[in-house]
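Participant: Position chain D against the provided structure of chain R, taking the given hints into account.
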Amino acid sequence: MIKVDHTVSLLNVRGISKSFAGVQALRGVDLDVRPGEVHCVLGQNGAGKSTLIKTLSGVHQPDAGEIVWMGETVTIPNPEAALDLGIATMYQELDVVDGLTVAENIFLGHEHATGGVLHVSRANRLARELMARLGHGDIPPGTEVGQLSAANKQIVSMARALSRDIRLIIMDEPSAVLDSEEVKNLFRVVRELTAQNIAVVYISHRLEEIRQIGDRISVIKDGRSTASSLPVADTPTKELIRLMTGRDVANVFPPPAPKDPDAPVVLDVLGLGLKGHFRDVSFSVRAGEIVGLAGLVGSGRSEILETIYGARKATSGRVSMAGVRLAPGSVRAAVNTGMGLSPEERKSQGLLLDEPVYKNITLSTFSRFARGGFLSEKGERAAAVSQIEALQMRPDDPDRSARTLSGGNQQKILLARWLVHGTRLLLLDEPTRGVDVGARAEIYGLIRRLAAAGTAIVVVSSEIEEVLGLSDRVLVIGDGEVLATEAAADIDEHGVLDLVMKGSAA
Amino acid sequence: MSQTTTSTMGRILGGSVGRNLGLVIALGLLVAVGAFTAGERFASIDNFLTIIRFASIIGVICIGMTFVITAGGIDLSVGSVMGLATVVASLASVQLAATQSSWLLMVLVALGVGVAAGFINGVVIAYGNVVAFMATLAMLVGARGLAELISGRRTQIVNNTGFLDFTRADIVGIPVLIWIFVLVAIGGWFLLNRTTFGRRTVAIGGNREASRLAGLKVKRHVVYLYVLSGLTSGIAAVMMLGRTTAGTSTHGTLYELDAIAAVVVGGTLLIGGRGTIVGTVLGVLIFSTLTNVFTQNNLDTSVQNVAKGIIIVVAVLLQQRFAKSGGRSS
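Line order of the protein sequences matches chains R and D. The first sequence runs contiguously to residue 555 in the numbering used here. The second sequence runs contiguously to residue 337 in the numbering used here.
In isolation and in its complexed conformation, chain R is listed as follows (with noise of 0.2 angstroms):
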């Protein structure tokens, strides 16, 4: 590959760290980008890599650390000083206006005018100049943005920083809504910025990507990094693996409870298919079983959940619980049944957050302690108080609000809701989402628990190594697909890795 080499670092950053609300996103991260290269920063969901590029585009600022910018210390107050240093950010959530043509995104805030009147068919031009340096002369610039594909807005999105004298574009998982055509495209003009001397840091998990257009990677890991600055070419994946991952879960997962092969079976799940998330996915669970979806993000293993539980209307396939078939697309059906979901949004899906604590847990079972349509609210406080010590919740008041609880709590408040219900089947998506270690490791020995006394368990996550560590069985999924199930004991994550990439790849 042809490439500038220059020494000097374009843009050089040094231990930075930040935290939300006690929360350590970021705890000293290092990374070194040269111009006109293209470096990789490979980590986990939860790794820090959002949290980065925001400080990096001035929508963060750093709690310690130095950002070095061409041979200078500066701080980036807001993305308008980022800009102005040539720093722009293609976000995964596209920010271009759908309302607006090609020339007024790539124009906009910074827009041709004289007087407030604007020049348009300056602008016009200036934009197919732009477009066509992106090799998409082909798109008029008078289109209206939202007619175009996701591939096509992100070259608006980039042309718009070519617009300002940009030196690095920050692009966060721009391969994760495109296909494989047109992330050949991506890497193409990917290839044309850098040899206009422009550097390119590239967020991505999928590591076949890296391969093909990463010159350097960095790797972070919890906030931290684990290396820097590692030549693509001379790195071998497992190592990348082990780097991203570092694996040093035994303890954290308590040891499974030995299984009986001959409980009766929970859930059957036969040919279940939902269009355009996933088709014929086929799994049973016995009581007492673990079984866990594995896959990347967008690989449909919510949607599997939510279709189960009947969220979801399923376009074809059936599910039944203890031998009775549910109607599709009801909640109700599978609620009476003995069926719970933990979903994978806590605030936006499962709780009432200005509501205190007791009610959100007697949110599916109020009106069982109601009589004759009156509510209970001793009844229901008692069932309350008694989860909220099984459960070890702290704070252990039931009338405070769900919004002051941590994460780790909010979630116990949605178990603690399944298990006043008396659920057969819980259905978990991402039940540790937001919690942090500590709490981890209690919610990991509770469901344990659960499914000792009997529970039947579906745990989504996109941690792999969390499903393999909590699941008596996995399923990888891949493209809304059922790749492969095995036992989690005969499987590890770049086993996992490994399935899902070739899943993608095809």
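Honestly, the hints are just simulated from the structure, not real lab data. No residue lacks a Cβ here, since even glycine has one placed at the ideal position from N, Cα and C. One thing to keep in mind: the hints can contain errors.
In silico lysine to any residue, SDA-like type, Cα no more than 20 angstroms apart, as pairs [to be verified]:
(1) R/Lys427 / D/Phe197
(2) R/Lys362 / R/Gly322
(3) D/Lys224 / R/Ala419
(4) D/Lys226 / R/Ser413
(5) D/Lys226 / D/Phe140
(6) R/Lys362 / D/Lys226
(7) D/Lys226 / R/Ala360
(8) D/Lys224 / R/Thr386
(9) D/Lys224 / R/Ala382
(10) D/Lys226 / R/Ser379
(11) R/Lys396 / D/Arg219
(12) D/Lys224 / R/Ser413
(13) R/Lys362 / D/Arg219
(14) D/Lys226 / R/Ser397
(15) R/Lys103 / R/Asn61
(16) R/Lys362 / D/Gly135
(17) R/Lys427 / D/Asn200
(18) R/Lys427 / D/Leu198
(19) R/Lys427 / D/Phe204
(20) D/Lys226 / D/Tyr134
(21) R/Lys362 / D/Arg227
(22) R/Lys396 / D/Arg215
(23) D/Lys224 / R/Phe423
(24) D/Lys224 / R/Arg420
(25) D/Lys224 / R/Ala376
(26) R/Lys396 / D/Ile278
(27) R/Lys362 / D/Arg215
(28) D/Lys224 / R/Ser379
(29) R/Lys396 / D/Val225
(30) R/Lys396 / D/Gly79
In silico contact screen, one side only, chain R against chain D (beta carbon under 8 angstroms); selected entries [said to hold, decoys possible]:
(31) Val380
(32) Val384
(33) Pro392
(34) Ser397
(35) Gly399
(36) Asp403
(37) Glu404
(38) Phe415
(39) Ala419
(40) Gly422
Facilitator: Showing chain D alone in chain R's frame:
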């Protein structure tokens, strides 16, 4: 931690006690102003009863509206549904049938019209997935038009003596209209605070998706809520027929705005999740006292409207402040 103290402060100031206290103080101030400017004319038992009687019809509508808004909805059709109900219940044929059977028939017809309109609203909103604002706006326009068609834009006089005797009577010196308002308010308070129906209402307003995933029948409940709002419009229609002894398509014009204003000023969150019947009653009383004070001082209704507007803005500003200190975001 300072966060804890502010949230405790916020809870006390922003809680139902603090907010209702604020409303009581506001009402007290209005009464003081009335007594000061209009003296005996204002500060008499008779005048106070007039104020409450004046508040009672819109007040009943506000109780239903409180439920709808608490659940995160809105009902713009309350006034015109009430108008339609007065027209249908006072049709010559209905009155004739009532004379031959019982005056209660007129009551049933009025309630039936309200319930039917509310049912249509609810089904269109819950199962047709039409935004409540648009669905009930359509009902506002449609019901008013229907009332005009049925009545031929004529005022229909109520001459059923049984009906008039009941609705215009006093019980222990207090007009029946006020008794109805009191009963509906107490019933509403119980329904909202002490029953599964009320809990579902608050839960759906607080987080619709969480309620659905917890297994609540969200859509069905939304229908019930608009039926309830229609029912209170029907009750208000009975009261209106009694007070004015006439049914007409113009009854209840702009009541939807007065009702929403009173409910929100009372402290029910417009985004849903928190509702207060006591606050709504106080909100209604504040507006009717305001009107009374202005009337007693022979001030123009235009001045009165300006004052109303200011009260609404101030109340909503206070509510936003509460929303911040109470930590309710997004």
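Participant: All the hints need checking, so say for each whether the structure fits it.
Facilitator: Now the hints, each set against the structure:
Taking the CA atoms of lysine 427 of chain R and phenylalanine 197 of chain D, the gap is near 16 angstroms; set against the 20 angstroms cutoff, the hint holds. Distance restraint check for lysine 362 of chain R and glycine 322 of chain R: the Cα-Cα separation of roughly 9 angstroms lies within the 20 angstroms cut-off, and the hinted pair is therefore satisfied. Taking the CA atoms of lysine 224 of chain D and alanine 419 of chain R, the gap is near 17 angstroms; set against the 20 angstroms cutoff, the hint holds. For the hint linking lysine 226 of chain D to serine 413 of chain R, the alpha-carbon distance of about 16 angstroms falls within 20 angstroms, and the restraint holds.
A C-alpha spacing of about 16 angstroms is found between lysine 226 of chain D and phenylalanine 140 of chain D, which places the hinted pair at or below 20 angstroms, so the restraint holds. Proximity of lysine 362 of chain R to lysine 226 of chain D is assessed by CA-CA distance (about 16 angstroms); at most 20 angstroms being required, the pair is judged to hold. At roughly 13 angstroms between alpha-carbon atoms, lysine 226 of chain D and alanine 360 of chain R fall within 20 angstroms of each other, so this suggested pair holds. A C-alpha spacing of about 15 angstroms is found between lysine 224 of chain D and threonine 386 of chain R, which places the hinted pair at or below 20 angstroms, so the restraint holds.
Simply put, lysine 224 of chain D and alanine 382 of chain R have alpha-carbon atoms about 11 angstroms apart, close enough for the 20 angstroms limit, and the pair holds. Distance restraint check for lysine 226 of chain D and serine 379 of chain R: the Cα-Cα separation of roughly 12 angstroms lies within the 20 angstroms cut-off, and the hinted pair is therefore satisfied. Annotation: proposed proximity of lysine 396 of chain R to arginine 219 of chain D holds, straight-line Cα distance about 14 angstroms (limit 20 angstroms). Restraint check for lysine 224 of chain D and serine 413 of chain R: the C-alpha separation of about 11 angstroms stays at or below 20 angstroms, so the hint holds.
The straight-line distance between the Cα atoms of lysine 362 of chain R and arginine 219 of chain D is roughly 14 angstroms, inside the 20 angstroms bound, and the hint therefore holds. Among the hinted pairs, lysine 226 of chain D with serine 397 of chain R is consistent with the structure: their alpha-carbon atoms are about 18 angstroms apart, no more than 20 angstroms. With a C-alpha separation of about 16 angstroms, the suggested pairing of lysine 103 of chain R with asparagine 61 of chain R holds against the 20 angstroms cut-off. With a CA separation close to 17 angstroms, the supplied pair lysine 362 of chain R and glycine 135 of chain D stays within the 20 angstroms bound.
Pair hint lysine 427 of chain R plus asparagine 200 of chain D holds up; C-alpha atoms about 14 angstroms apart against a cutoff of 20 angstroms. Straight-line distance between C-alpha atoms of lysine 427 of chain R and leucine 198 of chain D comes to about 17 angstroms, which keeps the hinted pair within the 20 angstroms bound. Of the pairs offered as hints, the one joining lysine 427 of chain R and phenylalanine 204 of chain D holds, with about 17 angstroms between alpha carbons and a cut-off of 20 angstroms not exceeded. For the suggested pair lysine 226 of chain D and tyrosine 134 of chain D, the alpha carbons sit about 7 angstroms apart, so the restraint of at most 20 angstroms is met.
Restraint check: the Cα-Cα separation between lysine 362 of chain R and arginine 227 of chain D comes to about 18 angstroms, which is no more than 20 angstroms; the hinted pair holds. Taken as a hint, the lysine 396 of chain R and arginine 215 of chain D pair is honoured in the structure, with Cα atoms around 12 angstroms apart against an allowance of 20 angstroms. Proposed proximity of lysine 224 of chain D and phenylalanine 423 of chain R is supported: the alpha carbons are some 18 angstroms apart, at most 20 angstroms. Annotation: proposed proximity of lysine 224 of chain D to arginine 420 of chain R holds, straight-line Cα distance about 19 angstroms (limit 20 angstroms).
As the CA atoms of lysine 224 of chain D and alanine 376 of chain R are separated by approximately 15 angstroms, the hinted pair is consistent with the 20 angstroms bound. For the proposed pair lysine 396 of chain R and isoleucine 278 of chain D, the alpha carbon gap of about 17 angstroms is at most 20 angstroms, so the pair holds. For the hint linking lysine 362 of chain R to arginine 215 of chain D, the alpha-carbon distance of about 18 angstroms falls within 20 angstroms, and the restraint holds. With a C-alpha separation of about 10 angstroms, the suggested pair lysine 224 of chain D and serine 379 of chain R falls inside the 20 angstroms cut-off, and the hint holds.
A C-alpha spacing of about 18 angstroms is found between lysine 396 of chain R and valine 225 of chain D, which places the hinted pair at or below 20 angstroms, so the restraint holds. This hinted pair checks out: lysine 396 of chain R and glycine 79 of chain D have alpha carbons roughly 17 angstroms apart, not beyond 20 angstroms. The beta carbon of valine 380 of chain R is positioned within 8 angstroms of a beta carbon in chain D (closest approach about 6 angstroms), and the interface hint is therefore held. The closest approach between the C-beta of valine 384 of chain R and any C-beta of chain D is roughly 3 angstroms, which is under the 8 angstroms cut-off, so the hint is satisfied.
At about 6 angstroms, the closest approach between the beta carbon of proline 392 of chain R and any beta carbon in chain D falls short of 8 angstroms, and the interface hint on this residue holds. A distance limit of 8 angstroms between C-beta atoms decides the matter here; for serine 397 of chain R the minimum to chain D is near 6 angstroms, and the interface restraint holds. For the restraint placing glycine 399 of chain R at the interface with chain D, the shortest Cβ-Cβ distance is roughly 5 angstroms, inside the 8 angstroms limit, so the hint holds. The interface hint given for aspartate 403 of chain R is met, as the beta carbon of that residue sits about 6 angstroms from the closest beta carbon of chain D, less than 8 angstroms.
A least Cβ separation of about 6 angstroms between glutamate 404 of chain R and chain D falls short of the 8 angstroms threshold, and the interface hint therefore holds. Checking phenylalanine 415 of chain R against chain D: minimum C-beta separation of about 5 angstroms stays under 8 angstroms; hint holds. Because the beta carbon of alanine 419 of chain R sits about 5 angstroms from the nearest beta carbon in chain D, less than 8 angstroms, this interface hint is met. A cut of 8 angstroms between beta carbons decides the hint on glycine 422 of chain R: the least distance to chain D is about 5 angstroms, and the hint holds.
Hint compliance for this structure: no hint is broken.
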